[in-house]
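Residue numbers (the numbering used here), protein chains in the order written: chain E, 1 to 222; chain U, 1001 to 1371.
Source of the hints: derived by calculation from the structure; they are not laboratory data. Heads up, a few of these hints could be off.
Unchecked claim - SDA-like mimics (lysine to any residue), calculated; alpha carbons at most 20 Å apart, straight line: (1) E:K136 <-> U:T1107; (2) E:K136 <-> U:A1102; (3) E:K131 <-> U:G1105; (4) E:K219 <-> U:A1102; (5) E:K47 <-> U:Q1095; (6) U:K1263 <-> U:E1278; (7) E:K136 <-> U:S1072; (8) E:K216 <-> U:D1070; (9) E:K219 <-> U:Q1095; (10) E:K219 <-> U:T1092; (11) E:K131 <-> U:R1050; (12) E:K136 <-> U:E1278; (13) U:K1132 <-> E:I32; (14) E:K136 <-> U:T1092; (15) E:K219 <-> U:E1128; (16) E:K131 <-> U:K1104; (17) U:K1132 <-> E:K131; (18) U:K1104 <-> E:I120; (19) E:K216 <-> U:L1137; (20) E:K131 <-> U:D1070; (21) E:K47 <-> U:E1128; (22) E:K216 <-> U:S1072; (23) E:K136 <-> U:G1105; (24) U:K1104 <-> E:K47; (25) E:K219 <-> U:G1105.
Claimed, not checked - Beta-carbon label-pair distances, calculated as ranges: (26) E:R212 <-> U:N1135: 16 to 22 Å; (27) E:L218 <-> U:I1293: 17 to 23 Å; (28) E:I32 <-> U:N1171: 40 to 46 Å.
Note that the structure is predicted; figures quoted are calculated from it, not measured. Using N, Cα and C, we set each Cβ at its ideal position, and we do this for glycine too.
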Amino acid sequence: MLEAWEFIVRRPELLAEWVVAHLWIIFVAITIAVILGVILGIYITGKGKEQIADTVLYLAEIMMTVPSLALFGLLMLLLGSIGLKAIGFLPAVIALIVYGQLPILRNTYTAIQAVDPAMIEAGKGMGMNEKQILFKIKLPLAVPVIMAGLRNAIVLIIGIAAIAALIGAGGLGSPIFRGLRNARMDLIIIGGVSVSILALIVDSLMALVERRVTPKGLKVKQ
Amino acid sequence: MIKLENLTKIYPDGTVAVKEMSFEVKEGELCVFLGPSGCGKTTTMKMINRLIPITSGKIYIDGVDNTKIDESELRRNIGYAIQEIGLFTHMTVGQNIETVPALKGWTKTERRKRAEELLELVRMNPDEFIDKYPNELSGGQRQRVGVARALGADPPILLMDEPFGAIDPINRVELQSEFLKIQQKIKKTIIFVTHDIYEAIKMGDRIALMKEGKLVQYDPPANLLYRPKDEFVEGFVGADRALKGLQLLRVKEVMTSPPPTAKVEERVEVIRERMEQEGIDSFPVVENSGKLIGLVAESDLGKGKVVKDIIIPSSTTCTVNAVLNEALSVMLSSGLKTLPIVSEDSKLEGVLTFDAIQKALHEAVQTGEKK
């Protein structure tokens, strides 16, 4: 423990570098994951798409069960075979997008499905078109649940991103694996504890955002 | 004016929901679609604003084929209220009411002014409620907001699908009466769907009774009650149709007016004499202004010297616009044989007795059957 602290005091710039690299991967991955997940989630709530919805959600669930190490390996092969960079940032981001998909996708889908049909019926009856119903009714009501999914996804991939260091993506996984190879307990502790602290901080920040974006009408007591 | 012509709805699975329905709803009338569930009343209503596509036949609104009007445009000019209300929970009461005006592109100030007017109309204080959220309201209040929202952009036509169906019986009766008062002011052409015969009789200028997708009888409530077209109608209105007819009569048409009254300083002997003369066992007591303050009953006459000593301060009354069955139930539950009838500002207008009710009912049944 003490050694870990001494290391931080001695080389703070190294820790900062790892944290920044870690955050950057997460940021890029989650941004893309949200856009993809929400759009796909909205798409599969459409009329007559129940079959597609089932399939998509099932696939997303299966992807979650693939061990991260295997997925990283798989992506290296895949990207290599089509001539893209097989190690580093790109496969890491792609893998994290895949892992972040399910919570976002599932929450978007369920939240929109859960909107009271009476509200949609009333909206239609008053002359709203599909787009107005989506943007004025469905999405505002779904936002809190989508945000909860996003929170889930972020915390999840902050952890998984540590493993991405194995394929050369850098971040807080680097000290952990270096420590493992060289029996350096201090490095393992620095990496591990930092990942946890990061997850906690990001999670509480997201909780604040979630509260902010929840429509006031949904917060009032019944 | 809404005109249905051979209107038919057949679902893809072959179910015939509505079959060759033809009739006309006159401007400014409240037309009730009545019938057991599955009779096609809601389907028929929803074909008017095209929430359900028509299979064959036509619906004309003021002479224009409704399939020739842009769908959104059509719906924005037809108010729509449903049993589940469907208030948008993430919007305030004001924003909910402003939905259609906003879709139509009214300015913010115009919209807000309209929302305030409509809240007044449904008897909710705008200052108190306009910025509240639906989750903060009671069921009855939500229903009122639902009606206000349907009236948002002042549409000439209103479609209401069991709008008071989810409200408890006491509040429902009140909302019905209030809505009738509103309708007297706004004179909209209204389609009102219900399966409740009492509601239909009370609300409707005309009732379209449906069965298995077909129109069985289209008539004013009195005709439906006293001149049923066939056995189905007779069964539907029930054996107690004479009692149901009580809803068609208003208190003011039946009450004794001007009523015999007593003043607080009158002596009991005088009152006793007058009661014997008129054959009534109690008199309403009024102030000089005509305001009702209580009753004096024959059985109490021995207990004092002047009316003041034996007055029963009474709050049990009915207003002139109440329907007869409401008045009757007040009389039965309070035990009053003579019910004082007051105007909206609680001035005494008349008295209602069992004899008068019986007579009126007898006349109604007879004229109905003679027609």
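Discussion item. Holds or violated: the 40 to 46 Å window for the beta-carbon distance between I32 of chain E and N1171 of chain U?
Written reply: 52 Å Cβ-Cβ, so the 40 to 46 Å window is violated.
Worksheet item: Is the Cα-Cα distance between K219 of chain E and E1128 of chain U 20 Å or less?
Response: Distance ~19 Å between K219 of chain E and E1128 of chain U Cα, so the pair holds.
Worksheet item: Straight-line Cα separation of K219 of chain E and T1092 of chain U no greater than 20 Å?
Response: The given pair, whose Cα atoms are some 12 Å apart, holds under the 20 Å limit.
Worksheet entry | Hinted pair K1132 of chain U and K131 of chain E, Cα distance within 20 Å | 26 Å, violated
Discussion item. Just to be careful, I want the Cα atoms of K47 of chain E and Q1095 of chain U compared with a cutoff of 20 Å; is the pair within it?
Written reply: 28 Å, violated
Worksheet item: CA of K1104 of chain U to CA of K47 of chain E, is that 20 Å or under?
Response: Violated: K1104 of chain U and K47 of chain E sit about 27 Å apart, past 20 Å.
Discussion item. Please verify whether K219 of chain E and G1105 of chain U have alpha carbons no more than 20 Å apart.
Written reply: At roughly 29 Å apart (the allowed maximum being 20 Å), G1105 of chain U and K219 of chain E break the hint.
Worksheet item: Within a Cα-Cα threshold of 20 Å, do K136 of chain E and A1102 of chain U meet the stated pairing?
Response: 12 Å, holds
Discussion item. Run the distance test for K1132 of chain U versus I32 of chain E: straight-line Cα separation, threshold 20 Å.
Written reply: 37 Å, violated
Worksheet item: Is the straight-line distance between the alpha-carbon of K216 of chain E and that of L1137 of chain U 20 Å or less?
Response: 15 Å, holds
Item to complete: Take the C-alpha atoms of K131 of chain E and D1070 of chain U, compute the straight-line distance between them, and say whether it is at most 20 Å.
Response: Distance of about 16 Å is within 20 Å: holds.
Worksheet entry | K1104 of chain U paired with I120 of chain E [C-alpha distance capped at 20 Å] | Since the Cα atoms of K1104 of chain U and I120 of chain E sit roughly 18 Å apart, the hinted pair holds (cutoff 20 Å).
Hint violations for this structure: numbers 4, 5, 8, 12, 13, 17, 21, 22, 24, 25, 27, 28, all remaining hints satisfied.
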